[in-house]
Amino acid sequence: MADRYSIPITRRFEGLPIIVVFFVLLGLFMYTAPQVFLAPFIYTTFLSTLPPLILLAIGLTFVIGSGEIDLSFPAIIGFSGFVFAVLFKEYELGWLAVAAGLGSGILVGFVNGVLIAKVGIPSFITTLGTQFFWFGMATVLSGGKSYALRGANETSVWQGIVGRPFAGFDGPIWLGQVPMQAFWTLIIVIFLWFIMNRHRFGEHVLFIGDSNDVSRVLGIDVDREKIKIFTLMGFLAGIAAIMLTLENKNYFGNQGQGYLLTAIASVLIGGTSIFGGRATIIGTVFGCLIIGMIEAGLVASGLTGAWVRTIQGLVFLIAIISYLYLEEPQKRAEMAARFGLKREFGRTGSAEKPPVADRQT
Amino acid sequence: MELTNDANAPAAQTYANIVRLENVQKFFGAVQALSDITLSIGRNEIVGLIGDNGAGKSTLIKVMTGVLSPTSGRIFVRDKEIDPTGYSVRKAHDLSIETVYQDRSLADKQPLWRNFFVGRQITNRFGFIDIRREKEIAEDILLNAIGFRGVGITVDSTVAQLSGGERQGIAIGRAMYYNADLIVLDEPTAALAVKEVRKVLDFVRKIKESGRACVYIEHNLAHVHEIADRLVILDRGRVVSEVTPQEMSVAELTDYLISLQQHG
Chain L
1 MADRYSIPIT RRFEGLPIIV VFFVLLGLFM YTAPQVFLAP FIYTTFLSTL PPLILLAIGL
61 TFVIGSGEID LSFPAIIGFS GFVFAVLFKE YELGWLAVAA GLGSGILVGF VNGVLIAKVG
121 IPSFITTLGT QFFWFGMATV LSGGKSYALR GANETSVWQG IVGRPFAGFD GPIWLGQVPM
181 QAFWTLIIVI FLWFIMNRHR FGEHVLFIGD SNDVSRVLGI DVDREKIKIF TLMGFLAGIA
241 AIMLTLENKN YFGNQGQGYL LTAIASVLIG GTSIFGGRAT IIGTVFGCLI IGMIEAGLVA
301 SGLTGAWVRT IQGLVFLIAI ISYLYLEEPQ KRAEMAARFG LKREFGRTGS AEKPPVADRQ
361 T
Chain G
362 MELTNDANAP AAQTYANIVR LENVQKFFGA VQALSDITLS IGRNEIVGLI GDNGAGKSTL
422 IKVMTGVLSP TSGRIFVRDK EIDPTGYSVR KAHDLSIETV YQDRSLADKQ PLWRNFFVGR
482 QITNRFGFID IRREKEIAED ILLNAIGFRG VGITVDSTVA QLSGGERQGI AIGRAMYYNA
542 DLIVLDEPTA ALAVKEVRKV LDFVRKIKES GRACVYIEHN LAHVHEIADR LVILDRGRVV
602 SEVTPQEMSV AELTDYLISL QQHG
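Line by line, the protein sequences give chains L and G. Going by the working numbering, the residue at position 284 of the first sequence is 284; the numbering climbs one at a time, nothing skipped. The number in the working numbering is simply the position in the second sequence, starting from 1, with 361 added.
Because the hints were derived from the structure by calculation, they are not lab data. You may find that some hints are simply not true.
Below, simulated DSSO-like cross-link-like pairs (lysine-lysine); rule was C-alpha separation at most 30 angstroms, straight line [to be verified]: (1) G/K452 with G/K569; (2) L/K331 with G/K560; (3) G/K496 with L/K228; (4) L/K228 with G/K452; (5) L/K331 with G/K556; (6) L/K118 with G/K452; (7) L/K145 with L/K89; (8) G/K496 with G/K441; (9) G/K567 with G/K441; (10) G/K556 with G/K496.
Excised from the complex, chain L in its bound form (with noise of 0.2 angstroms):
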């Protein structure tokens, strides 16, 4: 009977299945495509496109975690993203512009986080419609037109965000292409984990995704705790999209728009329960460079690229059915009774065996 307390392993070391799945993907594709992954610039190129999906992805697992769903923040990279060019190039406001930028994407969030705690719209459904909001308010305002940011590069704005700061140092050709949004992404990645794991504010979210009643009951402000949430994913979303536009020295409409199942995936592969109450950052930055190494690895082993969604949708389902089978002893139980592998339901051995007899649920 102790295992049945036990604390399985995936819990215990965050984020371990899938940490083992990308290192287990890793080798594949350094032996299918060696002359790329045994290459030190497909690295330097992850860490310059892979930051704005992670931040996405960081957001969403708060998100996500808290038993809620973001559908707008391909919306929000393509109007804050609007905002910060408009700004910064007709304007000349420089890091203005960044601060009206994110403020764009905090306002965005808000409004969100506004809606679904206090007016009760569901999240799927109010973020569904300020996505559609958002974008063609973008898309009004701008005219259609896309900016190019010609010049840009010799700005401190740009410098400081996406810079690469070791341009011009003595050493391998890899380091002077590492560029800044890696180490402000790292800075934000780290600092999250320890909200998501070690703050108030972290705790919170994880009750809230198991249960807003229990929440409410224990005393936690959960409209105000789900306002803060979507205004964080705005913030996060914000921040991506400077990121997106100045490393592309570009501005376009649907810049965001690749990101809406890119992002979902990563935080669903790493981990984060579908039903929230659960969450993991570490698992959602394997995610991530799971994805992006996907996309990468297939082409470069010489699969068109109409292949890349069809294989990171099923590597999605495959995550996603693999955390119920490992982590949800109830539905595991049912899945084996529905395939018929099992002929009494309950009857399963000790080591997997939910108190079944005396549950309230």
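Since the structure of chain L is provided, determine the placement of chain G on it from the hints.
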């Protein structure tokens, strides 16, 4: 049972009633859930709250514990009137009133130590949790207040791994740790196996032995009859009767409740 939380040392016991409701009404839209409830809970008694489904038991304890605010009426805590609009779960906690709900007291996927402290974490001034301290205290509650010794439950176990009776034990142990002067139990034995029910009733007795008061809502008349000092019977939002277990047997109580239904 010596475990106490110094930060919330119990108030000097100079009051007659821990909670007193006067003429409390509660409407949900046009529906009147509570009408004219006047009820006192003494300092060290177990009050059983009984009545059929929809009699208003749950609404009444929600008003008492700050989850719902009454439409009208007055609430006194330790004989002092409180402002009902400023009353909340947090406020009730501050006033040493704790609630143990049937299935809403603990978050399933979270470890026990987080469940003990969520909502009033031990943090530094930036809000970061002192995990080591929280775990130490949780361990102490687990071993000493609840008495889960040698059964394999640790502070890192998740609630989902516990049986129904063990969950109630955790929730009651938590309430006692916070030095609640009043612990409200909402059907703690519902859906429990017989052996588990015994454990829970033992926990309830511990509440009284430690000098606290308890309001106990229960469907099962035999359970509540066994441990309550006083029984308050609700019917359609009103207090219709108050008796002691000595005055009425379980069978008489059952007949009485049935007759209430028929004469409505």
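A quick look at each hint next to the structure:
Among the hinted pairs, G/K452 with G/K569 is consistent with the structure: their alpha-carbon atoms are about 23 angstroms apart, no more than 30 angstroms. A C-alpha spacing of about 29 angstroms is found between L/K331 and G/K560, which places the hinted pair at or below 30 angstroms, so the restraint holds. For the hint linking G/K496 to L/K228, the alpha-carbon distance of about 27 angstroms falls within 30 angstroms, and the restraint holds. Restraint check for L/K228 and G/K452: the C-alpha separation of about 23 angstroms stays at or below 30 angstroms, so the hint holds.
Using a Cα cut-off of 30 angstroms, the hinted pair L/K331 and G/K556 holds, with the two alpha carbons roughly 27 angstroms apart. With a C-alpha separation of about 22 angstroms, the suggested pair L/K118 and G/K452 falls inside the 30 angstroms cut-off, and the hint holds. Only pairs whose Cα atoms come within 30 angstroms are accepted, and L/K145 paired with L/K89 is accepted, the gap being roughly 13 angstroms. The straight-line distance between the Cα atoms of G/K496 and G/K441 is roughly 36 angstroms, outside the 30 angstroms bound, and the hint therefore fails.
A hinted pair counts as satisfied when its Cα atoms are at most 30 angstroms apart, and G/K567 with G/K441 qualifies at roughly 27 angstroms. At roughly 29 angstroms between alpha-carbon atoms, G/K556 and G/K496 fall within 30 angstroms of each other, so this suggested pair holds.
Checked against the numbered hints above, the structure breaks only hint 8 and satisfies the rest.
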